[in-house]
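Q: With chain A held as given, fit chain B onto it using these hints.
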Amino acid sequence: MFLQPLHAAYESLTESKRNMTLDDYFNQMKALILQATEENSTDYIEKLMEAHLLPLVISDKNYEIFYLLKELEPYFTKRAKHLLALYYRILGHTLYFRFEYEKANSYYKLAISHSLENKDYFGVATAMNNFMLKSFHSLPEDVGLTIAKSIPLILKIDNNYTMNELISKLFFYIEFAILQGKAHYVEKLLNSIVDGDYVKGHERYELQLKILQSIFWKSKGELVKARGLYLEVLQHCVERKAHHDLLLHVYKELVNLKLSTDGLQLEQTVHEVVNDLERSLKEESQLMLKFLEKDWSLKPQKFSRIFGLKPEQFKYVATLHLQNVENCGNSLLLVDFLLTMPNSQEMLNVLSLFNAEMTAEFGEQILVVTMIDESSIAYVLPLAEEELDSRIYKVFDQVRVQYPKETSILKGMYFASVNNKENNLMTVEDCLNLAYAYIYYELQ
Amino acid sequence: MFSLQWVEPIFLLTDTQRQMLKELEEYEVYFCMLRHDYIENAVAISGMVDFFYYLYEKEQLFINSEMTLYYLLRHYCVDFGLSLEKLRKIKHYTTGHIDRSLIAAALVSNMILDIHRKIRSQFTHEEIRFMWKYMKRPKKLFDVKFQKFESYPKKYVLLETKMLQAMRTYTKENRPEIDAAVQYINRFMDAYVYDEQQLFCHGVLK
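Protein sequence lines, in the order shown, are assigned to chains A and B.
Going by this note's numbering, the final residue of the first sequence carries number 444, and the count climbs one at a time with no gaps.
Going by this note's numbering, the final residue of the second sequence carries number 650, and the count climbs one at a time with no gaps.
Looking at chain A on its own, in the form it has when it is part of the complex (with noise of 0.2 Å):
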């Protein structure tokens, strides 16, 4: 197929987006990613992707970003390094818009420290808003605060930010302090923004402001004041037809003040608009529900299914097991194994293997089990150290079958049972302490 110079394919798309289908839309941008890719052509990629991509995650591309992402992720770690930072916020958010929570912000979490590392501060500032999304309003009150100051003071770090991308970090920090009874701390800086006219012209940071007024005045008890400018934003989307999410908040504030909206001539429209908003978000909210069983059936979580908890969670349920010391006590056993060269995909095979073989071996016995590095996995099991170790090497054995110890990757298995009674350890951190201690001395 004739491919046309990226630089004309690439206008080309950005002038005819308007008028494509989405499917299209994004074939035609996908396409162009991957010419820029095989032509190592950098800028483009980063164009690309901060333009076309990075709108569309929000869309029913997501998944398809996210696959395409992952599949380019060789490219991106060995020939694009100083794109990783923009790479990782942009899985994070496919995520993120999937409810994936935890997972984006492990991507979210290698975005700060490339950023940082690339000295992009717009990019450390925006993973780490990105990173306390979902959890800033469940942190203690100093905290939150705290975090949402530094983030602004990050990005101001050196001199290329734009007045726009401050405002819009400290935005969170500004409506953060009022809701938690600090207004005073803010009255300033809210001042300032909106003295020195700086949104002026950016149509979205122009409703935030407002809205943050109103925020600031409710907390005053200024209603009539907070009324006007609620009133102003909800006329504006109205008439607009757009920022919907803004609308609903404006208009959901309202009611939960029972500031009435009458004597508004728009009021008639405002509660057709609210009824087809919240129609069509539960329109989506079910196509998101249809979209995430798909995924679920499609990509199973074969990583936790296979090794049980995270290690974190298995930490404090192996915790209360070790607690108990009914009959002989519960152990926990650490395997550790060593390949020839180092081999991630094999060391999961390994890994998988001798779970599967555990699994055949001790059943329901197993009380639970993680993966604590990636060469090493932990049980808890309810037995004593002399016949757990008695029955382990039968494990072994069935390992070696597909492993032989003198013609395959698999080098070492080193093992340790650590029995809470009879050591009197109570507690995983302990009893991981001691197994790896008998490991160490087993490897000299």
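Just so you know, not all the hints are guaranteed correct.
BS3-like mimics (lysine-lysine), calculated; alpha carbons at most 27 Å apart, straight line [as the list claims (entries may be wrong)]:
no., chain 1, residue 1, chain 2, residue 2
1, A, K81, B, K562
2, A, K78, B, K562
3, B, K577, A, K411
4, A, K310, B, K583
5, B, K533, A, K149
FYI, nobody ran anything at the bench for these hints, they're computed from the structure.
On a predicted model such as this, the values are computed, not experimentally measured, just so you know.
A: Same frame as chain A, now just chain B:
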């Protein structure tokens, strides 16, 4: 869930100071500032906690001599960090401020992790893997019950010493690079503290 309960700070701390570890878990986002290839590394996280305590606490902290036996490399890193006069100066910004202390601790840790990246190639993959595994929990290796095998865990101590020596040589031979890193940290903290005053005390945006 981000946990720091396993961290054994290198300084002698009061119970109240130790309890702060629990509080620090809420500030996970600052630990994401560590270099990406060390972001889950127990030694890097423990090191950041060490620097945090030094920077945050008003009173002078003393190194726990028992810990120096187990954590040779962390002890060296803390000693090295505190030997840099310009780094000691940022303490007047950070004392009593959690966010400033955590950010500065992450930046100082990154300076040290960058040195570690440079010397990493002198070690095999297996040696690195061995070190990270046992440096998280070395205490039990020194337990009396194992002294019948060895008077002390030689392989662990020798490898840690080798790593420490490699870092020491690198820092001696690359002083301009270290000075530039320290200057960056100072400038970062100067800007952070100045902007904090301007923005949040005076409402000045520009």
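Q: Could you grab the alpha-carbon distance between K533 (chain B) and K149 (chain A) and see if it respects the 27 Å cut-off?
A: Holds, at roughly 23 Å.
Q: CA of K310 (chain A) to CA of K583 (chain B), is that 27 Å or under?
A: Holds. K310 (chain A) to K583 (chain B) sits at ~25 Å (cutoff 27 Å).
Q: Between K577 (chain B) and K411 (chain A), does the CA-CA distance stay at or below 27 Å?
A: holds (17 Å)
Q: Assess, step by step, whether the Cα of K78 (chain A) is no farther than 27 Å from the Cα of K562 (chain B), and give holds or violated.
A: Status holds; Cα separation ~19 Å.
Q: Against the 27 Å threshold, does the CA-CA distance of K81 (chain A) and K562 (chain B) hold or violate the hint?
A: Roughly 18 Å between the alpha carbons, so the hint for K81 (chain A) and K562 (chain B) holds.
Of the hints listed earlier, there is not a single one the structure fails to meet.
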